[in-house]
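Undergrad: Sequence:
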Amino acid sequence: MLASHSLSSIPSSSSLKFPPKPKLFTNSSFHGIRIPSLKPSSFLPLRAQPPPSTVVMMAKREEELKEIRTKTTQEINDEILQLKGELFMLRLQRSAREDFKPSEFGRMRKRVARMLTVKRERELEQGIGKRLSRKLDKQWKRNIVVKPPPSLMKLQEEKAAEEAEKA
Numbered sequence: 000m001l002a003s004h005s006l007s008s009i010p011s012s013s014s015l016k017f018p019p020k021p022k023l024f025t026n027s028s029f030h031g032i033r034i035p036s037l038k039p040s041s042f043l044p045l046r047a048q049p050p051p052s053t054v055v056m057m058a059k060r061e062e063e064l065k066e067i068r069t070k071t072t073q074e075i076n077d078e079i080l081q082l083k084g085e086l087f088m089l090r091l092q093r094s095a096r097e098d099f100k101p102s103e104f105g106r107m108r109k110r111v112a113r114m115l116t117v118k119r120e121r122e123l124e125q126g127i128g129k130r131l132s133r134k135l136d137k138q139w140k141r142n143i144v145v146k147p148p149p150s151l152m153k154l155q156e157e158k159a160a161e162e163a164e165k166a
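Residue numbers (numbering that gives the first Met the number 0): 0 to 166.
Hints may contain errors.
Claimed, not checked - Subject to a maximum C-alpha distance of 30 Å in a straight line, what follows is the list of computed DSS-like cross-link-like pairs (lysine-lysine):
| no. | residue 1 | residue 2 |
| --- | --- | --- |
| 1 | Lys16 | Lys83 |
| 2 | Lys158 | Lys118 |
| 3 | Lys118 | Lys100 |
Claimed, not checked - Per label pair, the in silico range of CB-to-CB distance:
| no. | residue 1 | residue 2 | range |
| --- | --- | --- | --- |
| 4 | Glu103 | Ala166 | 32 to 38 Å |
| 5 | Phe104 | Ala163 | 22 to 28 Å |
| 6 | Ala112 | Thr71 | 26 to 32 Å |
Hints were generated in silico from the structure; no laboratory data involved.
Note that this is a predicted model, so its numbers are computed, not measured.
The C-beta atom is built at its ideal place from N, Cα and C for all residues, glycine as well.
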């Protein structure tokens, strides 16, 4: 008795009428909260031109490349060894938690990369291929006589001077 009564009282889905949804935003698919847009110029000052430091840095880089290109290949190799020794000293200072400038890592690595680039440019001018270049590089690395970096030599000289004063 209940089953027959309840089925007849439920209207079918085709006869149901829902009220239409209010159309707040007609041309947008976004139906969330809208915040009025803030213009960046209202709270951030605009720069008319890029900062002059980038121009100065590029000029310094060009000067550095000109300076490197004036050196002989042997002078470049010697300076590469010195810079790699300095990088090693910086890594030791970092591991010992001594004071050092972290920016020196990037500066030295970039300088080494520039020197190696100039060295490779010279090899290409001479017609040396990649394979021969690597072979020559391996030979050069085997023949390196390890010297302490200039900063370590300076520290050793300072210690020797202090000991001489004490004695």
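Undergrad: Taking the hints in turn, state whether each one holds.
TA: Hint check:
no., hint, result
1, Lys16 - Lys83, "violated, 82 Å"
2, Lys158 - Lys118, "violated, 37 Å"
3, Lys118 - Lys100, "holds, 28 Å"
4, Glu103 - Ala166: 32 to 38 Å, "holds, 34 Å"
5, Phe104 - Ala163: 22 to 28 Å, "violated, 34 Å"
6, Ala112 - Thr71: 26 to 32 Å, "violated, 19 Å"
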